[in-house]
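Peer 1: Read off the chains here:
4 protein chains.
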Amino acid sequence: MRFSVGCEIGYDLQSQSTLIFNISAMQGGRQRILSERLTISPDLVADEKTAADSGNRFVRLTSDPGEVRLRYEAEVELAPLHNEPESVDEVPVAKLPLETLTFLNPSRYCPSDQLARFASRQFGNIAPGFGRVTEICNWINSEVDYLAGSSDTTTTAADTFAMRAGVCRDFAHLGITFCRALGIPARLVSCYAWQLEPQDFHAVFEAWLGDRWYLFDPTRMAALDGMVRIGCGRDAADTAFATIYGSVISQPIRVWSEALDGDTSAQWTTDAVSVTRS
Amino acid sequence: MRFSVGCEIGYDLQSQSTLIFNISAMQGGRQRILSERLTISPDLVADEKTAADSGNRFVRLTSDPGEVRLRYEAEVELAPLHNEPESVDEVPVAKLPLETLTFLNPSRYCPSDQLARFASRQFGNIAPGFGRVTEICNWINSEVDYLAGSSDTTTTAADTFAMRAGVCRDFAHLGITFCRALGIPARLVSCYAWQLEPQDFHAVFEAWLGDRWYLFDPTRMAALDGMVRIGCGRDAADTAFATIYGSVISQPIRVWSEALDGDTSAQWTTDAVSVTRS
Amino acid sequence: MRFSVGCEIGYDLQSQSTLIFNISAMQGGRQRILSERLTISPDLVADEKTAADSGNRFVRLTSDPGEVRLRYEAEVELAPLHNEPESVDEVPVAKLPLETLTFLNPSRYCPSDQLARFASRQFGNIAPGFGRVTEICNWINSEVDYLAGSSDTTTTAADTFAMRAGVCRDFAHLGITFCRALGIPARLVSCYAWQLEPQDFHAVFEAWLGDRWYLFDPTRMAALDGMVRIGCGRDAADTAFATIYGSVISQPIRVWSEALDGDTSAQWTTDAVSVTRS
Amino acid sequence: MRFSVGCEIGYDLQSQSTLIFNISAMQGGRQRILSERLTISPDLVADEKTAADSGNRFVRLTSDPGEVRLRYEAEVELAPLHNEPESVDEVPVAKLPLETLTFLNPSRYCPSDQLARFASRQFGNIAPGFGRVTEICNWINSEVDYLAGSSDTTTTAADTFAMRAGVCRDFAHLGITFCRALGIPARLVSCYAWQLEPQDFHAVFEAWLGDRWYLFDPTRMAALDGMVRIGCGRDAADTAFATIYGSVISQPIRVWSEALDGDTSAQWTTDAVSVTRS
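Chains as they are written, first to last, in the UniProt record's numbering: chain A, 1 to 278; chain B, 1 to 278; chain C, 1 to 278; chain D, 1 to 278.
Excised from the complex, chain A in its bound form (with noise of 0.2 Å):
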C-alpha cells in the first residue's frame, strides 16, 4: 500500500538554537521512499545524515533567532511481511544476534529491571512466542487509560505502571519494559500512523522474535499495516521528532497519514507484521 504522509513544525527561536529533527520516513527493508521533499524556510543549510545503526534519518541545522519551519511530505510504499502469529517464536538470549542485545538492557523510560518480578508473574508462565507480547499488549490495553495530559517528559514506565494511565509513547514504554523483563529485545518506533485519531507523531515497539523485528502497538488506535516508521531506538530519549539546543517558542505541528490506494476498507490485521527487512 502507497501511503501519503508528512508534518509542519515551526518554532521562534529566542537565541541562536541548533535544531535536529528526525521527521523522514526511513528507507529500506519492506518500507520504500517513492518521492519525498523537504522545506525549510528560510533557506537555513542543513545538515542530513543517516544513522548507520538505527537507520534514523537527522536534520540538523542552526539559526540566529526568528521563525523557522519545516515542512516534511512523502509518497511512501509498505509491503510488510505478514506471518501467522503462531509460527512466530521467541528466540532463547543464548540464540539472539548480538546486536539485539542492547535492547534488552534498561533505558531511561524502560526500567525493565524495576518492573521484572512483575512481568515474570504476569507473563512468565505464558508459551513464549509471538502470542505472548500480543497479552502483554492486551494487557496494558486493558490495565491502562489512555488519557492526554497524564504524563510528561519524565514519565518511565514504572511511573506509568503505577500511574495506570498515559499516551502512546507511555503504552509503548510499558510494553518494552514488560518484553525485557523477559528476554525479548524491544524497542521504540516512532511512526506516521494511518488511522489514528486525532492525526499526530505515533509511538509504537518492535519485539525481536523468530529473525525479525515485529511491530506491536498496545494502544490498537492504527493499523499496522498502516506505520510508515520514521525512527527506532532504545525509547523515546531516541526518537524525538526535535531535539532542541537553545531557547525557542514552538508553533503547533500538523501531522498527516493519508491512504493513496483507496484500501480504507480493510481490516486491520491480528497477523504478525514486519517492516524492517525483506
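These are computed hints drawn from the structure, not numbers from a lab. Keep in mind that a hint or two might mislead.
Intra- or inter-copy, both count: the list cannot distinguish identical chains.
Below, computed lysine to any residue pairings styled on SDA-like, alpha-carbon distance capped at 25 Å [as the list claims (entries may be wrong)]:
1) K95 x S54
2) K95 x I33
3) K95 x S120
4) K49 x E99
5) K49 x E75
6) K95 x V167
7) K95 x F241
8) K49 x S17
Got chain A sorted already, so can you dock chains B, C and D onto it with the hints?
Peer 2: Then chains B, C and D, alone, in the frame of chain A:
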C-alpha cells in the same frame, strides 16, 4: 606502559542459565593486547563476539546447573594520548559527529533531563572546554561521599545527587549526566584500573571534546594512564561485566591490574588523556 | 495590624460529591478573628469543626450534581511576637516537647531521610539557632527558581532539590525537609498573605525554636507580619484548601488580603516572628 | 488471652546521642497491661511520655559514648472485639469523624495519590465494607512476595507496588495506601505478634470501619487475636521502635511474644477484630 590485568569470576548455577560476560580488554586505538587468555571451566562452548559500534567484547555461554568459573588474563600496552587541557575544546552541538549524538540522550542511570537546571546553574557559566568537565569532576569529588554500600543497581544520578553518596559508577553517572545536560556527549567506561585500592572493576567516563573521547574519573581513585578499557556504553546498563539469565549464586570475584614496566613512581597526570584512537 | 482576607471558590459537581474545605482563618494565639462570614450557595448544610491538635478549621459538605460556591471573608487582627533573631535558639532533641517530635518525621512531600546527607554537609556546621534556619531559606531562595507550573501535586522536596524549580509550597517543603534532617521540628502553614503578588493561597513553614513555632518564607514574596494562618500540618497533604471526593470541575478561585490600618509602608521585618501563642 | 511480650535492644554509641524508643505496649481499649518492666543499663535518666493523640509511649534518653541496653517485658491481656465481617460497613467521607480524616492523606510511605487510579480500577467496584479491605489484603498477599531484604527505609508503597516484593511494613503500607485511595482512613500499627516466625517487631494496619479501627495483616503471618499494639501512626515514619540522633552501632535485637493461657491451638480468626476501644 604495559599492564597485566585479569579477573576470576564464578557462579553456582541453580538452573540452566545463559551468561553474557564483558570482561575482555578492548582492542584498538591506543590500547593494544599483547597476549590474553580466557579459561572457562568446565570447558563449555562459548560464543565470542565484538560489538561493531562500541567495540565491547562479549562472551556468551549456556550451562546446565553446576559451577561455572572464568579466568581472564591479559597483557596490555597503553599509549595514551596526552594533550594540554587548555587546548581541548568543547564542540558545539551543530558540529558534533552524528554518532556522538546518542550520548547526549538521557539513559537509565543518567537522567540528564532531570538535572538540567542545576547543571546549567552550576556549570553553565564556566568557560567551555576540557576545564569545564574537570570542574564537574571537582564538584562531584567534593560534594559526594564515596561510600561502599550506599547505592544499588537501581540508583540513578538523580538519586546520587540527592543522597550525596555513592560508588565509582554513581560518580561516573553523575559526571555523564551533567555533561549531557550541558550538550557534551558522555558515556560510561568500565576498566581494569591500575592502583585502584581495593582492586575491583572500575567505572569512569569519557566525554567527547575536540575530536575524540577523553577519560575522566571523578573518584580520583586511579591513574588515568593506567585504565585498561573493557566496555563502554550509555551507562552501567550497557557495561555490566556479567549479565545473567537464570538462577545463580555468585562467588567472590577477584580482579587485578599491575604495571609491568616498574614505573610506579609516576605522578598521576592532570593532562587531557585519550586512548580511543590514534 | 488588621487585615481583610477572604476567598471565593467554586465547583461544578459532576456527581454527588463530598468536599472538605480548610479556608477559614485560625483562631488563637496572636491571631484574632474580629469578624468573619462564610457563604455557601446553594444553602447546603455544612459540618464545621476545628481539629484539636492543629487548630485547622474544616467545613465539610455533600452536594448533588450542580454548582457549589463558597465565599469566605474575615477581618483578622495579627499581633505577631517579634524577637531578636540572635536570641532564638534551637532546642536539642533531648529537650523538645513531645508533641513537636512528629514534625521531625519524614512526610509525603518532605522526605527528610533522603536529603539528610546534603543537609548535614551544607548546614551542619552553621551555628544552631534561628540564623541557621535563615541560612536554609537563603539557600533555597538563591538556588531554586520560582517558576509557576514547574511542579505538580506529586512533587516532593527531593524532586524540587533535583529540579531546582518550584512554587511556594515546594520552597516550603524544601525548608521543612532540611530543618527536619537537622533535628529541627518544622511544619507547613497555609495562609492569606498580605502583599503577595499575584494574590493566592500562600504556603510557608514554621520551625520550632526556643519555646514556640517561628514563621519562615523561603520565597520572600510576602511580609511575615501579614500572614493570616489558615492551616498547618506536616506538609501540603495536610493543608489543602479543598479536598474533593467525587467528580468536579474547578472554577477559577479568587483570594485577597488587604491591610486595614494603612501601614503599607512598613519595611518587611527580619525579626524572628511567631503568632501561634501569646 | 494473656501474653508475655518484650524485647532487648542495644547500641554502641560512638558519640553523645539522644535515643527515642517506642517499645512499650499501649495501654487502653481492649489491651490491658497487667505488669511491665523497663530496664535501662547503664541506669540513665529517661523521659517517659505518652502521646495524647496516638497513645504511643515514648522513652527518650541521652547518653555519652558507650553501650546502652534496654530490656522491656510486659504481661498484657487482650480482649479483642470480634464482629461479623458482613456487619462492618465503610463510612462515607461525609460521615467520618474529623480525627480520622488525617488518615486519608498521603504520607511518606503511603502515597495514595499515586496509586489512586489502580485502587479504583481494582477495588472500586467491590461492595464497600470490611470485605473490601479483606479483598485488598488478599490481593497484596497474592501479588506481592514476602522477601526479606527486598526493601529498605526509603521504600514507598508505590515502589512495592512496582517491585512486587517487600516485608511486613511494605505489605501494611500498600494496604494503607489502597484504603486511603478509596476513602477509607488507614494507619500503621507496630506490635508484638504472637506466632510470628521468626519473632520480630511486626507491622500491620488498621482501617476505620463502622465506628472503630479494625486490624488487618496482609502478610497473614500472625494471628489478629495476638497482636499487642505498640505504636500507631500514618506509616512507619511514625512508629519506629527506635529513633536515633547521634552516631551508633546497632546490636542484634531480640523480640518475643508468648501466649500465657495455653490456647495455642486456636484457629486464626477471620472475624473483624478491633482492640482500640471498648
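Peer 1: Would you list, in rising numerical order, the hints stated earlier that this structure does not obey?
Peer 2: 2, 6
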